[in-house]
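If you read the protein sequences in the order shown, they are chains A and B.
Per our numbering: the first sequence ends with 716, consecutive numbering throughout.
Per our numbering: the second sequence ends with 710, consecutive numbering throughout.
In case anyone wonders, no lab produced these hints; they're calculated from the structure.
Please note that a few of the clues may not be correct.
Stated by the list, open to error - From the derived model, a few chain A residues whose C-beta atoms are all more than 10 Å from chain B:
1. R406
2. A433
3. V569
As the list claims (entries may be wrong) - Just a few of them, taken from the derived set where beta-carbon distance is under 10 Å, the chain A residues facing chain B:
4. F470
5. L529
6. S558
As the list claims (entries may be wrong) - Computed list of chain A residues with no C-beta within reach of chain B, every gap over 12 Å:
7. Q445
8. F514
9. P602
10. L664
11. A668
The beta carbon of each residue, even a glycine, is placed where N, CA and C say it ideally should be.
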Amino acid sequence: MTRTFSQLISIVTPLLLSPLLLGWVNQMRAWLSNRKGPGVLQPYRMLHKLFNKDSVMADTASSLFRFAPYVVFGCMLLANAIIPTLSTDLPLASAADAIALVGLFALARIFISLAAMDIGTAFGTLGARREMLVGFLAEPALLTVLFSASLIGQSTALTTIVEAVVHKHFAIYPSLVFAGMAFILVFLAENARVPVDNPATHLELTMIHEALILEYSGRHLALMEWAASLKLFAYSTLEIALFLPWGIGHEATPTSLLLALPSLALKLTLIGIVLALVETFSAKLRIFRVPEFLATAFLLGVIGMLTHILLGA
Amino acid sequence: MLNMPAIDLVLWVIGAWIALGLLGIVALHRFALVARVLFPLGAVCGLILAFASIRALGSGVVESKQLSLGLPQLPFHLRLDALSAFFLLVIGIASFGISLFAAGYFRAGEGTAPGLLCLEFHFFLASMALVLLADDAYAFMVAWESMALTSYFLVTANHRLPKIRAAGFLYLLIAHIGAIAILLCFGVLQANTGDYTFANMRVQNLSTFWASAAFLLAVFGFGAKAGILPLHVWLPEAHPAAPSPVSALMSGVMLKMAIYGLLRVTFDLLHLHIWWWGVVLLVLGLTTAIFGVVFASVQVEMKRLLAYSSIENIGLLFAAMGLALLFRSYGMNALAALALTACLYHVVGHALFKSLLFLTTGSVLHATGERNLGRLGGLIRFMPWVAWLALIGVLASSGLPPFSGFVSEWLLLQSFLFTPGLPQPFLNMLIPIATASIALTAALAGYAMVKFFGVVFLGQPREEKLSQAHDAGIFEKIGMGWLAVLTIGLGVAPNSVLHLIDPVTKGLVGVGLANKASANGWWLLTPTSIVRASYGPLYFLFGVIGACAIAFVLVRLLYHARLRRSVPWGGGHPWRNSRMQDTAEGYGQPIRQIFEPFFHMDRHLPKPEDTEPEYHVVVTDKFWEGVYMPIARATEYVSAKVGKLQQGRISIYLLYSFITLIVVLLLVPTARR
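Take the sequences, apply the hints, and build the full model.
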């Protein structure tokens, strides 16, 4: 019973808190560039507005286009459900390990790209091509990061990895240092953050994520936006689970969940600040430079695995 | 009838296929009879074959038999063990779907008379089944050669086009170079005993040198059939040339016969297993996989794209085999079984989804007459059945959960990850690089598949005539639907498939996975232990569907479901047409840029002052220029020199005889002294 409760909590928390994280990052960015900012609650207002609006759909849209936002949203929700955020005792976690998690992100990406190609405008297909370009480089990089971590825990199950890192005596793993650097690069690319994509513009020369969802409106757009913030949340909690897991509860009792919550909030706040700093201090890369950026991440991940095998740590 | 020994049932099916083929000759031009009766009957035979092989896998009894066919004193030795039964199962289930599709697909005027196609098609099936039953080199080579010849005739079904004839010749050439290597391999394996039965080969104790020679010959021979680098060039030529059901059969099933042959030779016939054999297979496989998927992403013709994707999948199968061999050579049989399971899972998974994808290209080809991606688009509106079925194949082929491709990829990655126990540090360093390249291959496969599906089925039609396209007929729908249902089934019920693979790995490396894998319930796949790794595709499927459904219902309950239709936003430009969509070439552009050293590119860019600007790019394989053309030129050169001997005048030939006679007369007394 408590396990089901803990699972439910770990689904509801991301669902409700993910727009807040996005709002926090945006607010931080505004402050850092000397703007006042719309406040951390802006994403909620945005979602509410979009859900209330009529959905306007291109007359050439097929059923896949209507269907895709739900699939993308569902994938991101499930991804959040299997990442140990508050407790490692998750019934759903056995359904999907780290590799399946990457598969889940890939499934969402493929649906969002296919939906963008469905209307047949120049922007949509351009965005789809770029998204797949980022994806095919970021996905193996993410896998190598997860493999570096799973070599330490001797397991690809996220819960076991977290347990292993938390309960072994404190040590700095050289392989995790490389993996951590690679993960940050993947994090930025996958969430359409600044060096790779700029979430604040609609410039056809550079946009990726905005080009993908250009044809969506109303409730479909709301789901897509919510899914994007869920993805940001999932990557943040994944970073916490792999590299800063201290504080994640072992058991699924309400008290341990309550104890884990403040540490989660603190870590997410920190991640939001770091993300905003990175975005403020770096410039957008040309799209042709993005493969190099991600190849660096991929190679760092591979070096991480090699270090583990060479040093045995 | 159905409770006779499994091997007899298989032989009956083979006999029935041969009989159906012969009936095809009788009904040479009676199209309706061939298409509506003979092909569906062949499909039913496939189902019976699947039934027989499942029974053989369940009973675990090795059955053998002798048929006194062919030469006197040289009967066909036949044997049905778990490995053969598993591959027979692949033939059975895949051919059921493909035969049904073929019943609706072949039209009059395909180039070859329908009865003749029926003959070649069913002989092809029968010879593949016979390859799997063969238990001596003689029967194996006879079946192997009839497989090559029947498929050659099927590839050249539309033989009036010179391009198709050329593709057929290339295929035939490489198939025969491979066959020679296989024959030589059997020659080495029998170790001068003169007895070519597999039973004799199993008991021979070859020295390391000869065992390695046999292994390398087998890799070359079966690799030529499978399309491993650098012997892959026939695949992207032969698959587009063949009619779609034939491409499906060749890519989905025939390539797996090469995998079977290599498994048979390395794990069954050879008693030795040396570690570097595994490395050879691993490196060959990974190079092939990356090469195949990179080329698949830049293709502009749908069947060529799928052919390159087949090369990629064959590469993954070789890599899995190599890993299994590596573990086997160090006596780590449990891990060898894990890698082998991944390999066999992918064999059946790929057989189904690649057949499905080739069949959908057949439907598209019939409905539109176009195979060039640059002239397709938007077909999901006109042929929704084909599009949605193709989407299942595409998702499985991209290795996405919860479809079949993901399970094998997952098992393969698991076997790679838990290897740091290998006793050689060099090998241990190889493993992360191999793992990373598999991850890269899988991700690129997604890219190629999104391109395939997106350009063919999504967007706006790039040609006027596409709006006249019609959906597939009933036979075609059933055939594709069967393959799609099995692809999903394979993805969500991995443990039941593992129970079928179990006897095979027990036979080859002595360990089975199935009991351990389903120890935590039939819905949860745990190949080693639940702490290490687990995957529950059903949870996964219901998780995604449940989340979708809740989102759908909640949005409607809390808000509304209002929808307006309007023209798509054109960015402020008043003129917007379907030519402004991204093209297949455009989709391949980033790949061409990133993997530039892979390609030989011939590109023509328009200049600003051109009145009729033209852009074209032709991407070709460097292996043509680097390997094949030099060999061809050398052959031509040598034959031109030799050809000078032949003047075509009788006096010259008499002169040759005279000179020969003189030389012999001069030599003979010397020898006598």
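Going down the list of hints, with the structure as the test:
With a least CB separation of 14 Å from chain B, A:R406 remains clear of the 10 Å interface cut-off, as annotated. The claim that A:A433 lies off the interface holds: its Cβ sits roughly 28 Å from the closest Cβ of chain B, which is beyond the 10 Å cut-off. Listed as outside the interface, A:V569 is consistent with that label: its C-beta sits roughly 15 Å from the nearest C-beta of chain B, beyond the 10 Å cut-off. This hint holds: A:F470 has a C-beta 8 Å from the nearest C-beta of chain B, less than the 10 Å allowed.
The interface hint given for A:L529 holds, since its Cβ lies 6 Å from the closest Cβ of chain B, which is under the 10 Å cut-off. Because the beta carbon of A:S558 sits about 5 Å from the nearest beta carbon in chain B, less than 10 Å, this interface hint is met. Against the 12 Å criterion, A:Q445 stays outside the reach of chain B, whose nearest CB is about 19 Å from its own CB. Look at A:F514: its CB is around 9 Å from the nearest CB on chain B, not clear of 12 Å, so calling it non-interface is violated.
No beta-carbon of chain B comes within 12 Å of the beta-carbon of A:P602; the shortest separation is about 20 Å. Residue placement check: A:L664 keeps its beta carbon more than 12 Å from all beta carbons of chain B (closest about 23 Å). Separation of A:A668 from chain B is adequate, the least Cβ-Cβ distance of about 24 Å exceeding the 12 Å criterion.
Against the hints set out earlier in the document, a violation occurs for number 8 only.
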